[in-house]
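Visitor: Please put together the full structure from these sequences, using the hints given.
The numbering of the sequence shown is this note's numbering, which starts it at 48 and goes up by one.
No wet-lab data here; the hints were simulated from the structure.
If you're wondering where the values come from, they're calculated on a predicted model, not measured in any experiment.
Fair warning: there could be bad hints in the mix.
As the list claims (entries may be wrong) - DEER-style ranges, computed between Cβ atoms:
#1 E183 with P98: 24 to 34 Å
#2 E183 with L300: 42 to 52 Å
#3 G83 with R224: 33 to 43 Å
#4 D237 with L300: 36 to 46 Å
#5 K414 with L300: 26 to 36 Å
#6 E333 with D389: 26 to 36 Å
As the list claims (entries may be wrong) - Computed list of lysine to aspartate or glutamate pairs in EDC-like fashion (alpha-carbon distance at most 16 Å, straight line):
#7 K152 with E131
#8 K409 with E268
#9 K205 with E350
#10 K292 with E219
#11 K327 with D366
Beta carbons are placed, not taken as given, at the ideal position from N, Cα and C, and that holds for glycine.
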Amino acid sequence: MLILKKLSMAMYMDQEDINIKFEKMGKIRTALVGYGSVGEKMHAPLITVCPDLELVAVVERRQEKSKEKYPEVSIFRSLEALLEADAADLIVIVTPNEFHFSQAKMALEAGKHVVVDKPVTIHSREAKELKQIAEEKGLVLSVFQNRRWDGDIRTIQKILAEGLLGRVVHFESHFDRFRPGLADNWREQDVPGNGITYDLGTHLIDQAVMLFGRPDWVYAEIFKQRTGAVADDFFDITLMFGSIKARLTASVLSKAPMPKFLVLGEKGSYIKYGLDVQEKAFKAGELPEGANWGLEDAQAWGELHLEHTSMTYETERGDYRIFYKNIADAISQKHTLRVPIDQAITVLEIIEAAFLSHQEGKRIPFKK
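Guide: Quick look at the structure:
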(Lines of atoms letter the chains of each structure in order from A; the text may use other names.)
(Lines give C-alpha, C1' and ligand atoms only; values in the text may rest on other atoms or scores of the structure.)
Protein backbone atom coordinates (compact mmCIF):
# COMPACT_ATOMS: atom_id res chain seq x y z
CA MET A 48 0.00 0.00 0.00
CA LEU A 49 2.87 2.35 0.84
CA ILE A 50 4.41 1.77 -2.61
CA LEU A 51 1.10 2.45 -4.33
CA LYS A 52 0.68 5.66 -2.34
CA LYS A 53 4.13 6.89 -3.37
CA LEU A 54 3.46 6.08 -7.01
CA SER A 55 0.18 7.92 -6.88
CA MET A 56 1.82 11.00 -5.41
CA ALA A 57 4.47 10.95 -8.15
CA MET A 58 1.87 10.61 -10.89
CA TYR A 59 0.00 13.66 -9.68
CA MET A 60 3.02 15.89 -9.02
CA ASP A 61 1.86 19.48 -9.50
CA GLN A 62 3.53 22.09 -11.70
CA GLU A 63 5.50 23.63 -8.84
CA ASP A 64 6.98 20.25 -7.92
CA ILE A 65 7.97 19.65 -11.55
CA ASN A 66 9.76 23.02 -11.73
CA ILE A 67 11.61 22.30 -8.50
CA LYS A 68 12.65 18.92 -9.89
CA PHE A 69 14.17 20.48 -12.99
CA GLU A 70 15.93 23.19 -10.99
CA LYS A 71 17.62 20.48 -8.94
CA MET A 72 18.57 18.54 -12.07
CA GLY A 73 20.71 21.40 -13.39
CA LYS A 74 21.62 21.36 -17.06
CA ILE A 75 19.73 19.04 -19.39
CA ARG A 76 21.95 16.20 -20.61
CA THR A 77 21.95 16.42 -24.41
CA ALA A 78 23.20 13.98 -27.05
CA LEU A 79 23.83 14.44 -30.76
CA VAL A 80 22.99 11.56 -33.07
CA GLY A 81 25.19 12.23 -36.09
CA TYR A 82 28.25 14.45 -36.34
CA GLY A 83 28.38 15.48 -39.97
CA SER A 84 28.89 19.04 -41.12
CA VAL A 85 25.60 20.39 -39.75
CA GLY A 86 25.97 18.55 -36.45
CA GLU A 87 29.55 19.69 -35.96
CA LYS A 88 29.34 23.28 -37.18
CA MET A 89 25.85 24.31 -36.07
CA HIS A 90 24.07 22.02 -33.60
CA ALA A 91 27.02 21.31 -31.30
CA PRO A 92 28.01 24.99 -30.91
CA LEU A 93 24.40 26.05 -30.31
CA ILE A 94 23.96 23.35 -27.66
CA THR A 95 27.22 24.23 -25.90
CA VAL A 96 26.41 27.95 -25.61
CA CYS A 97 22.89 27.30 -24.31
CA PRO A 98 23.06 27.88 -20.54
CA ASP A 99 20.50 25.16 -19.79
CA LEU A 100 21.93 22.36 -21.96
CA GLU A 101 25.04 20.22 -21.66
CA LEU A 102 26.44 18.23 -24.58
CA VAL A 103 27.35 14.94 -22.92
CA ALA A 104 27.28 12.37 -25.73
CA VAL A 105 27.62 11.98 -29.49
CA VAL A 106 26.72 9.02 -31.68
CA GLU A 107 29.45 8.49 -34.28
CA ARG A 108 29.45 5.14 -36.04
CA ARG A 109 33.16 4.97 -36.90
CA GLN A 110 35.06 8.06 -35.75
CA GLU A 111 35.55 10.10 -32.61
CA LYS A 112 35.77 13.46 -34.34
CA SER A 113 33.60 15.25 -31.78
CA LYS A 114 36.23 14.66 -29.08
CA GLU A 115 38.57 17.06 -30.88
CA LYS A 116 36.37 19.98 -29.81
CA TYR A 117 34.52 18.37 -26.92
CA PRO A 118 36.92 15.95 -25.17
CA GLU A 119 34.52 15.42 -22.28
CA VAL A 120 31.73 13.85 -24.39
CA SER A 121 31.03 10.14 -24.43
CA ILE A 122 31.08 8.45 -27.83
CA PHE A 123 28.50 5.80 -28.74
CA ARG A 124 28.47 3.72 -31.91
CA SER A 125 24.68 3.53 -32.16
CA LEU A 126 21.54 5.18 -30.87
CA GLU A 127 20.62 1.87 -29.27
CA ALA A 128 23.81 1.92 -27.19
CA LEU A 129 23.20 5.52 -26.17
CA LEU A 130 19.66 4.79 -25.01
CA GLU A 131 20.71 1.61 -23.22
CA ALA A 132 23.29 3.63 -21.26
CA ASP A 133 20.64 6.24 -20.37
CA ALA A 134 23.32 8.84 -20.99
CA ALA A 135 21.10 11.78 -22.04
CA ASP A 136 17.64 13.25 -21.56
CA LEU A 137 17.42 15.20 -24.84
CA ILE A 138 18.27 13.46 -28.12
CA VAL A 139 19.10 15.63 -31.15
CA ILE A 140 18.90 13.70 -34.41
CA VAL A 141 21.10 15.07 -37.21
CA THR A 142 21.27 12.10 -39.59
CA PRO A 143 20.06 11.76 -43.21
CA ASN A 144 16.31 12.17 -43.64
CA GLU A 145 15.61 8.49 -44.24
CA PHE A 146 16.65 7.63 -40.66
CA HIS A 147 14.75 10.38 -38.85
CA PHE A 148 11.50 8.53 -38.25
CA SER A 149 12.93 5.29 -36.89
CA GLN A 150 15.49 7.05 -34.69
CA ALA A 151 13.06 9.62 -33.31
CA LYS A 152 10.52 6.88 -32.58
CA MET A 153 13.15 4.82 -30.77
CA ALA A 154 14.22 7.78 -28.63
CA LEU A 155 10.66 8.79 -27.75
CA GLU A 156 9.72 5.23 -26.82
CA ALA A 157 12.74 5.23 -24.51
CA GLY A 158 11.28 8.25 -22.73
CA LYS A 159 13.60 10.88 -24.19
CA HIS A 160 12.82 14.41 -25.38
CA VAL A 161 13.66 14.74 -29.07
CA VAL A 162 14.76 17.41 -31.54
CA VAL A 163 14.94 16.28 -35.16
CA ASP A 164 16.65 18.19 -37.94
CA LYS A 165 14.20 19.50 -40.54
CA PRO A 166 11.95 18.41 -42.17
CA VAL A 167 11.48 15.92 -39.27
CA THR A 168 10.41 12.87 -41.34
CA ILE A 169 9.87 12.09 -45.01
CA HIS A 170 6.13 11.46 -44.78
CA SER A 171 3.55 13.43 -42.82
CA ARG A 172 2.00 10.19 -41.53
CA GLU A 173 5.30 9.39 -39.82
CA ALA A 174 5.42 12.79 -38.14
CA LYS A 175 1.86 12.28 -36.91
CA GLU A 176 2.87 8.97 -35.35
CA LEU A 177 5.78 10.65 -33.56
CA LYS A 178 3.43 13.36 -32.32
CA GLN A 179 1.12 10.77 -30.82
CA ILE A 180 3.96 8.99 -29.00
CA ALA A 181 5.32 12.28 -27.62
CA GLU A 182 1.90 13.36 -26.39
CA GLU A 183 1.16 10.02 -24.77
CA LYS A 184 4.48 10.12 -22.91
CA GLY A 185 4.46 13.84 -22.11
CA LEU A 186 7.70 14.47 -23.99
CA VAL A 187 9.01 17.46 -25.94
CA LEU A 188 9.23 16.86 -29.69
CA SER A 189 10.38 19.64 -31.99
CA VAL A 190 12.03 20.28 -35.34
CA PHE A 191 15.17 22.33 -35.97
CA GLN A 192 13.68 25.10 -38.11
CA ASN A 193 16.53 27.51 -37.45
CA ARG A 194 15.69 29.85 -40.31
CA ARG A 195 12.71 31.18 -38.40
CA TRP A 196 15.46 33.17 -36.67
CA ASP A 197 17.17 34.51 -39.79
CA GLY A 198 17.52 38.27 -39.56
CA ASP A 199 15.67 38.90 -42.83
CA ILE A 200 12.53 36.93 -41.99
CA ARG A 201 12.47 38.52 -38.51
CA THR A 202 12.64 41.90 -40.26
CA ILE A 203 9.70 40.97 -42.47
CA GLN A 204 7.73 39.92 -39.38
CA LYS A 205 8.39 43.37 -37.91
CA ILE A 206 7.38 45.15 -41.13
CA LEU A 207 4.14 43.17 -41.33
CA ALA A 208 3.35 43.69 -37.64
CA GLU A 209 3.79 47.45 -38.02
CA GLY A 210 1.72 47.53 -41.22
CA LEU A 211 4.35 49.50 -43.13
CA LEU A 212 3.33 47.97 -46.48
CA GLY A 213 -0.40 48.10 -45.88
CA ARG A 214 -2.38 45.11 -47.14
CA VAL A 215 0.16 42.61 -48.45
CA VAL A 216 -0.66 40.85 -51.72
CA HIS A 217 2.62 39.16 -52.73
CA PHE A 218 5.40 37.41 -50.80
CA GLU A 219 8.37 36.05 -52.72
CA SER A 220 11.17 33.99 -51.19
CA HIS A 221 14.28 32.74 -53.01
CA PHE A 222 17.11 30.46 -51.94
CA ASP A 223 19.36 30.45 -55.00
CA ARG A 224 22.88 29.12 -55.38
CA PHE A 225 25.29 28.33 -58.20
CA ARG A 226 26.48 24.75 -57.83
CA PRO A 227 26.58 23.26 -61.34
CA GLY A 228 28.59 20.24 -60.25
CA LEU A 229 26.96 17.29 -58.50
CA ALA A 230 27.97 16.81 -54.87
CA ASP A 231 28.93 13.54 -53.23
CA ASN A 232 26.44 13.62 -50.38
CA TRP A 233 23.18 11.86 -49.58
CA ARG A 234 21.00 14.83 -50.56
CA GLU A 235 22.00 14.35 -54.21
CA GLN A 236 21.89 10.57 -54.23
CA ASP A 237 18.99 8.26 -55.02
CA VAL A 238 17.78 7.86 -51.44
CA PRO A 239 14.48 8.67 -49.70
CA GLY A 240 14.08 12.31 -48.70
CA ASN A 241 16.75 13.61 -51.08
CA GLY A 242 16.63 16.77 -53.17
CA ILE A 243 16.33 20.50 -52.79
CA THR A 244 12.60 20.52 -52.00
CA TYR A 245 13.04 18.50 -48.80
CA ASP A 246 16.14 20.57 -48.01
CA LEU A 247 15.81 24.28 -48.81
CA GLY A 248 12.11 23.98 -49.61
CA THR A 249 11.39 22.97 -46.04
CA HIS A 250 12.84 26.27 -44.79
CA LEU A 251 10.94 28.45 -47.24
CA ILE A 252 7.63 26.67 -46.69
CA ASP A 253 8.05 26.82 -42.92
CA GLN A 254 8.66 30.57 -43.03
CA ALA A 255 5.53 31.09 -45.13
CA VAL A 256 3.45 28.94 -42.77
CA MET A 257 4.86 30.88 -39.81
CA LEU A 258 3.77 34.16 -41.41
CA PHE A 259 0.44 33.24 -42.99
CA GLY A 260 -0.81 29.87 -41.66
CA ARG A 261 -2.19 27.10 -43.85
CA PRO A 262 -2.55 27.83 -47.58
CA ASP A 263 -5.72 27.48 -49.62
CA TRP A 264 -3.98 25.63 -52.44
CA VAL A 265 -0.57 24.52 -53.67
CA TYR A 266 0.89 24.59 -57.18
CA ALA A 267 4.45 23.48 -57.92
CA GLU A 268 7.02 22.75 -60.59
CA ILE A 269 9.92 20.59 -59.42
CA PHE A 270 12.78 19.65 -61.76
CA LYS A 271 16.17 17.95 -62.07
CA GLN A 272 18.01 20.50 -64.18
CA ARG A 273 21.72 19.61 -63.92
CA THR A 274 23.16 16.97 -66.22
CA GLY A 275 23.08 13.60 -64.47
CA ALA A 276 21.06 14.79 -61.47
CA VAL A 277 19.04 12.07 -59.73
CA ALA A 278 17.58 14.41 -57.07
CA ASP A 279 15.47 17.50 -57.69
CA ASP A 280 17.58 20.66 -57.83
CA PHE A 281 14.93 23.28 -58.69
CA PHE A 282 11.48 24.12 -57.41
CA ASP A 283 8.97 26.90 -57.89
CA ILE A 284 6.10 26.54 -55.43
CA THR A 285 3.07 28.81 -55.23
CA LEU A 286 0.95 28.93 -52.08
CA MET A 287 -2.22 31.00 -51.88
CA PHE A 288 -3.23 32.44 -48.51
CA GLY A 289 -6.52 34.22 -49.14
CA SER A 290 -5.50 37.26 -51.23
CA ILE A 291 -1.76 36.76 -50.58
CA LYS A 292 0.25 34.92 -53.19
CA ALA A 293 3.47 33.36 -51.88
CA ARG A 294 6.06 32.29 -54.41
CA LEU A 295 8.84 30.09 -53.03
CA THR A 296 11.66 29.12 -55.34
CA ALA A 297 15.20 27.75 -55.28
CA SER A 298 17.78 26.84 -57.90
CA VAL A 299 21.37 25.62 -57.86
CA LEU A 300 22.00 27.14 -61.30
CA SER A 301 21.44 30.79 -60.41
CA LYS A 302 24.66 32.75 -60.86
CA ALA A 303 23.11 36.22 -61.18
CA PRO A 304 22.11 38.00 -57.94
CA MET A 305 18.46 37.44 -57.14
CA PRO A 306 16.48 38.97 -54.27
CA LYS A 307 16.19 36.79 -51.19
CA PHE A 308 12.82 38.34 -50.36
CA LEU A 309 10.32 40.55 -52.13
CA VAL A 310 7.15 41.68 -50.37
CA LEU A 311 4.52 43.80 -52.13
CA GLY A 312 1.69 45.69 -50.45
CA GLU A 313 -0.77 48.50 -51.13
CA LYS A 314 1.50 51.04 -49.42
CA GLY A 315 4.85 49.90 -50.80
CA SER A 316 7.44 47.16 -51.21
CA TYR A 317 10.35 45.59 -49.35
CA ILE A 318 13.28 43.92 -51.13
CA LYS A 319 16.24 42.14 -49.57
CA TYR A 320 19.37 40.56 -51.08
CA GLY A 321 21.84 38.17 -49.50
CA LEU A 322 21.68 35.35 -46.97
CA ASP A 323 21.55 35.61 -43.20
CA VAL A 324 25.04 36.09 -41.75
CA GLN A 325 24.88 33.23 -39.24
CA GLU A 326 25.46 30.30 -41.60
CA LYS A 327 28.69 31.86 -42.91
CA ALA A 328 29.85 32.45 -39.34
CA PHE A 329 29.14 28.84 -38.35
CA LYS A 330 31.04 27.54 -41.38
CA ALA A 331 34.00 29.71 -40.36
CA GLY A 332 34.00 28.02 -36.97
CA GLU A 333 32.78 31.02 -34.98
CA LEU A 334 30.95 30.37 -31.72
CA PRO A 335 27.46 31.95 -31.50
CA GLU A 336 28.45 34.37 -28.77
CA GLY A 337 28.99 38.07 -28.20
CA ALA A 338 27.10 41.31 -28.71
CA ASN A 339 27.56 41.29 -32.49
CA TRP A 340 26.35 37.75 -33.18
CA GLY A 341 23.77 37.69 -35.97
CA LEU A 342 24.04 41.40 -36.77
CA GLU A 343 24.23 42.34 -40.45
CA ASP A 344 26.40 45.14 -41.85
CA ALA A 345 24.43 48.21 -42.89
CA GLN A 346 25.43 47.90 -46.55
CA ALA A 347 23.55 44.59 -46.73
CA TRP A 348 20.25 45.89 -45.29
CA GLY A 349 17.12 45.62 -47.39
CA GLU A 350 15.23 48.47 -49.00
CA LEU A 351 11.81 49.79 -48.11
CA HIS A 352 10.05 51.57 -51.00
CA LEU A 353 6.96 53.52 -49.96
CA GLU A 354 4.76 55.80 -52.06
CA HIS A 355 6.77 58.98 -51.54
CA THR A 356 10.08 57.75 -50.19
CA SER A 357 12.65 54.97 -50.32
CA MET A 358 15.12 53.99 -47.61
CA THR A 359 17.37 51.24 -46.37
CA TYR A 360 15.71 49.34 -43.56
CA GLU A 361 17.77 47.88 -40.73
CA THR A 362 17.86 44.09 -40.58
CA GLU A 363 16.87 42.57 -37.26
CA ARG A 364 19.40 40.42 -35.42
CA GLY A 365 19.45 36.81 -36.57
CA ASP A 366 19.65 34.47 -33.62
CA TYR A 367 19.48 30.67 -33.88
CA ARG A 368 20.32 30.47 -30.17
CA ILE A 369 16.67 31.18 -29.40
CA PHE A 370 15.68 27.74 -30.71
CA TYR A 371 17.62 25.68 -28.18
CA LYS A 372 16.84 28.06 -25.30
CA ASN A 373 13.16 27.48 -26.07
CA ILE A 374 13.69 23.70 -26.14
CA ALA A 375 15.29 23.84 -22.69
CA ASP A 376 12.47 26.03 -21.38
CA ALA A 377 9.83 23.69 -22.81
CA ILE A 378 11.46 20.68 -21.14
CA SER A 379 11.54 22.49 -17.80
CA GLN A 380 7.86 23.45 -18.23
CA LYS A 381 8.53 27.19 -18.48
CA HIS A 382 7.38 27.92 -22.03
CA THR A 383 5.51 26.40 -24.95
CA LEU A 384 7.41 25.25 -28.03
CA ARG A 385 8.20 27.86 -30.65
CA VAL A 386 8.34 25.12 -33.32
CA PRO A 387 5.50 22.72 -32.49
CA ILE A 388 5.26 19.41 -34.32
CA ASP A 389 1.86 20.37 -35.78
CA GLN A 390 3.51 23.07 -37.90
CA ALA A 391 6.16 20.61 -39.08
CA ILE A 392 3.37 18.26 -40.13
CA THR A 393 1.77 21.09 -42.12
CA VAL A 394 5.09 21.72 -43.90
CA LEU A 395 5.37 18.03 -44.84
CA GLU A 396 1.79 18.00 -46.11
CA ILE A 397 2.59 21.00 -48.31
CA ILE A 398 5.70 19.25 -49.66
CA GLU A 399 3.60 16.18 -50.45
CA ALA A 400 1.01 18.40 -52.17
CA ALA A 401 3.79 20.12 -54.13
CA PHE A 402 5.09 16.84 -55.56
CA LEU A 403 1.53 15.78 -56.39
CA SER A 404 0.90 19.13 -58.08
CA HIS A 405 4.00 18.74 -60.24
CA GLN A 406 3.03 15.19 -61.14
CA GLU A 407 -0.54 16.12 -62.11
CA GLY A 408 0.19 19.62 -63.44
CA LYS A 409 -2.54 21.33 -61.43
CA ARG A 410 -3.38 23.13 -58.21
CA ILE A 411 -3.91 20.94 -55.18
CA PRO A 412 -6.57 22.19 -52.71
CA PHE A 413 -5.07 22.26 -49.26
CA LYS A 414 -6.79 24.23 -46.51
CA LYS A 415 -8.92 22.13 -44.15
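Visitor: Does each hint hold? Answer for all of them.
Guide: Evaluated hints:
no.: 1; hint: E183 with P98: 24 to 34 Å; verdict: 30 Å, holds
no.: 2; hint: E183 with L300: 42 to 52 Å; verdict: 46 Å, holds
no.: 3; hint: G83 with R224: 33 to 43 Å; verdict: 19 Å, violated
no.: 4; hint: D237 with L300: 36 to 46 Å; verdict: 20 Å, violated
no.: 5; hint: K414 with L300: 26 to 36 Å; verdict: 33 Å, holds
no.: 6; hint: E333 with D389: 26 to 36 Å; verdict: 34 Å, holds
no.: 7; hint: K152 with E131; verdict: 15 Å, holds
no.: 8; hint: K409 with E268; verdict: 10 Å, holds
no.: 9; hint: K205 with E350; verdict: 14 Å, holds
no.: 10; hint: K292 with E219; verdict: 8 Å, holds
no.: 11; hint: K327 with D366; verdict: 13 Å, holds
Violated hints for the displayed structure, listed by number in ascending order: 3 and 4.
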